[in-house]
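Undergrad: Next come the chains, spelled out residue by residue.
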Amino acid sequence: MSEGSTPQGKHPTHSVAPALRSLVPVLVVLTLIALVPLLSPSNRFLSLAISAGINVIALYGLSVLFGQTGILSMGHAALVGVGAYTAAILARDFGVGFWLALPVAALTSAVFAMIVGIPSLRVGGHHFVIMTFAFGQLLAIVLTNGGDYTGAATGLDMVGPVNLFGADMGDLTRYYLMVVAFVAVAAVASWAIINSSYGRTLRAIRENEKLAASLGINVGRHKIGAFVVSGVFAGISGVLLANFLGHISPTQFASFPSIYLALMVMIGGARLITGPLAGGILVAFLPEVLNLDPVQSRIVYGVCLIAVILLLPDGLIAGIAAFVRKVFTAKSKERQRQENGVVSNPSEARR
Amino acid sequence: MKTVLKMGASAAFCLGALAHPACAEDNIVKIGVVAAESGSFVSAGHTLPAGVGLAVKQINDAGGIKVGGKTYKLEMVKRDDRTDIATAIAATQELVRDVKVQAIFGSETHDFTLAMAKITQPAKVIHFAGNSTLAKILTPDSVKPGGEDHYLFQSEPQEFQRSGSTARGVLTLLEPLLGYKPKKSVMIVGNDATGQFLSSYYFKALKAEGQDVPDIIFYPPDTTDFSPFLTRAKSLNPDIIHFWYNGDSTLTALPQALELGAAKSYFLFGVDPGIWKEKALTADVPVAMSCVPVCWGESSNPKAKAYFDAYFAAGAPHGVTSSVSLLYHDYVHFLAEAWEKAGSFDPDKTVEALLSIHHQGVVSDDLTFNPTHQVTHATEVCAAAPGGDISCSMQQPPAEAPKS
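Protein sequences appear in the order of chains S and H.
Residues 1 to 351 in the UniProt record's numbering are what the first sequence spells out, letter by letter.
Residues 1 to 404 in the UniProt record's numbering are what the second sequence spells out, letter by letter.
If you're looking for bench data, these hints aren't it; they were derived computationally from the structure.
Any given hint could be a false lead.
[Unchecked claim] Not everything, but these chain S residues come out facing chain H in the computed CB check (under 10 angstroms):
1) N43
2) L46
3) A152
4) I248
5) D293
No experiment lies behind these values; they were computed from the predicted model shown.
Cβ atoms here follow ideal geometry from the backbone N, Cα and C, with glycine treated the same way.
This is chain H alone, in the form it adopts within the complex (with noise of 0.2 angstroms):
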């Protein structure tokens, strides 16, 4: 009698066990993505999920990570943002204290970002963000062990980086092009935080490459009618219009200054050759085009057309800044390394393989954080020719930041 009382409490705890979703969930680790799946934002933001969720997947199906002996599977938590900041940190504040996530992911909006920090650094979880405007945060102090940034880490080059490789592309593109060395650049830039901190950078690395750049000229975001801004530029004379910033705003801004002949070749910042094929633009100069941080349409990185193969076959759309889901895909997979080598999900152990790993990802075989948490490898940039053909390149980013 007492061996069947024994056997049945001890069904019964077995089952009350498998129903307990703690015995489920203690093999899996959740990583949580906020982005702005809504809203004005949206065309970047719902790149940042399904570059995540691809990581995830691929991870999952090749057996899960392996850290201290056991075996754990990955779980995404994407928290939709709406491009409010209000609901990014009620969405932030939900996935650090309830869901109790070991990483974020997000946002790709830069002011959401430092707000979302004030909540993942302080409770201890890393936090990965792809916006090079982290600079202006990230310095030696802050990230150092109790700094208030130490497990914060940006997963887009050091501007100065970006800058560079992107200005000596579209002039390595476009001469040939064009038949003689261009001289004289302007730039058209959406006046917001993005814009104003990548156009100072864009400027010092035309200057480098020895442009002339007479005036950058800023343009509210939103703008829908640039033939003032353009009107501007024209007067001046360029040899090249960079639009620099964003994608959306230049597949607007194009058309027009094609119709007003406003410079003899145009740089499209941002914008894919893929796009560009889609809605079969054309233009009778060249036109040169950047993707961060390796295109999708036309690719000259061996490893992009299985990655885009897979990232548009999971369901994402095919959109001007698709390519921006390499700033998180392949940092999941880089964050899945940094556990198995630390053995354990301790922050600091976390924080410490991070910094010691050489990951091989889609974007570059050697994929390293500086001592400031921040990445480096190269920007693609193709330039389509008056007749439709187009070429693209690797380029690799300055070793240091041109002396202003």
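The following block holds chain S by itself, in its conformation from the complex (with noise of 0.2 angstroms):
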């Protein structure tokens, strides 16, 4: 069950404080994550952590898609690239800084996104998939022929420092910081989607797609419209993207990373706020924390996968919480049980 909708398929509540309640774990989440440079942690933790937050963002992104929608996109990885290759070019042609790169990108990936999404979504379900998979693949295979604009298949550097009033985020601390910041950014818009009118169009429209339409959704322009807003997320972590790590070439932007945030979404719940956050920071770290080597990580996503499909088709924090909930109303049962059962039990009462 989403945010925003209610048991018993009552009509979704239109009040702020019950909604704000599913964004405060994850601001708390977020705060603490923020806190961790506190503890002096190495260098390589906090490159993978950076790279998890910039997936992280992308993510929440798909979860409006995916989650909201019920559209899964096997290309997002390409509209990263969007981003990506976006800042580099302006950078690199226009000496245009970190900054401006950010709208400019994030319009373009939803371009972008409008562009594919218009033929893809004429067709549906696998058909879709099938197509943003496409897309991924072509937009690879551009990037990698696109001679010197484009770097080809040696890809492009990204040119001038990143700066925050006049401080210098190259600082792997501040850079840190700085996408911990842009992934509450992220979580807080994909909150407000989620919990706006807006929302529970769309997930009207997972739901039932003829339903929706019988009620005058536009079915199309909507989920055209969940595309674009993911490509705006998109297009934001490719620009993190390219400036972290200085360097991007077609290869990062194509199929095997799309499949790894479909991925990610999927594991961590696509549903939850909460979910893009968690299936982020397990997949970049768990053949980190058990040292496994590829393969064995695919593995273990593939089994995960199988698992939250078969057992948790909410994702992995929603099969948590669930098992939580379980497990305090059925404490709360046997209490009631044994309070109820004293107090009816004549033998005791004679006593």
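Take the two lone chains, each set in its own frame, and fit them into one complex as the hints suggest.
TA: This is the structure:
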């Protein structure tokens, strides 16, 4: 069950307070994550955390698309690539810095999402997945064969530092904190979408497209809109990635990274606001913590994915939350039963 | 009593000093390695720590290096990049900022190296990488003192040199086996960063040798069915099909090419004659092979046998690209010599020394870096006759790039 919806299929509540409750855990976790540099972590950890955070931003976009609208994109890394290449080309050709590149790259990725979305969303379900996958592959081919303009297969260097109020964000800790701030903004934006009337419209489409259309909802336009919104998140993620790595190439945005993004959002859970954060962190740090090589990682991810699909269809976090809820409900029922038992037991009363 | 207390304090201090790791590490110089020890690039990746590790052991066994009147031992600190750029970057950050290595070797993947250099160069860490594609960034401006790549060195020859040596060697060795002078060549190339970069130079090198090259056929990386590309190549009736990069794909493509009878002879880039023998490969037409830079299965280089005996004895597996280890092994010795000559680990003095030394390595008795930090040496090419005999020769690079 997603945020903003209520049990027993009742109309969603319009009160902000209950909805805010779903945002609090994410903000608490992000605050704790922001305090990590106080523990003097290794630079390896910070670097991996930055990469994970950049992915999480794209995942929040993907969660709007997949979690709310029910559309799975297998070419999402390509939209991240559009953002990254836009930032790199703007910096190289026009000397455009990080902060101006952000909105331009977000807009460019959104436009690309719309261009792909219009023909792709005429087909549904599995066909859409295949079309987005093809888009990802196509973009990699275009970038690989783009000559000097895209740097061909060699890719492009990022030119120029990232500054914020005069401070050089090239320092790893500062960049980490900046990425955490962007993740927080992405989470709040995603939460705002989920809890808006637009979010409810998207969920209506997800639950029953024909019924939604019969209620006067322009299904096609809203689906494209969701894809465009997810493109904005991807574009921002791309700018952050390009500036962090300092060099980008087509292979970073081809099919495998897209599959990984989809995997992260599915494992974490696309319908909960905590899902993308959990999925991004889990997939980034699992090989590191368990010292898995890529083959072992893929096996573990595959098993996780099957387990999540079969046992926890709303993702790991939703599954854990449901389990905790179940345990607490069972305990409270048991307590209530015992209390009732004490009062209603005639022999006890006689004593 | 005072004396006893003093002795006790001294003993405690010494014991404490011995227990403190900094005391033990004072005479150790750390060299970082970032390589794909797992993932899709593992075949080339494992050669990097194997080559560096062997050189480190050889130097330490010989007593270490003497810098500024003090003797130091080397320590290799390797990190697996899992063929993943985020892990490669994290590993580089760790080696440069946490481990504080004096030099770093890797990676064997071009775009990883470029991203790594964004970390190593501002930190003034000497960085060696065997990617000939580095020519794109190693310019007189970028390598000058204060330039953004002043501490970056390319341990593989410039591509016009490698392509030139290889093209000349392939044509020279195949001509007697074919019984006539080959005139027409077709290239089949992997369509990725390295493939695109390398093929443009090899195309020019073949043209410079008088070859008619009607087409360069690109195949997507990870292709397993080469028949569409081979059918296209066969229609051009070539004397030689050149499988230019990479060795693993080439070994998949060759049996398909032989079955189709796509050409009168073949050239396999980066496939060692050792693999040809171990896999008991045969062909009814001549097949040339090249190694980067010296072959281990059969070699005309007098130092190669001793090197590869030690390399494989240290536990490295026999692989298509085992010889790539030489793009790193020689440069650990080269760097050690530079530190000794500079009398310091100061990166600027080390760069000066690296640029002035003529180092005697396995690959060449005269390894030097040019002003743009690129090395020059010969490349070995071998050819297997239809009967199975293999002959090899070291081909010197052309002095200048061919005019297009």
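Undergrad: State for each hint whether it applies.
TA: Each hint tested on the structure:
no.	hint	verdict
1	N43	holds (4 angstroms)
2	L46	holds (7 angstroms)
3	A152	holds (6 angstroms)
4	I248	holds (8 angstroms)
5	D293	holds (3 angstroms)
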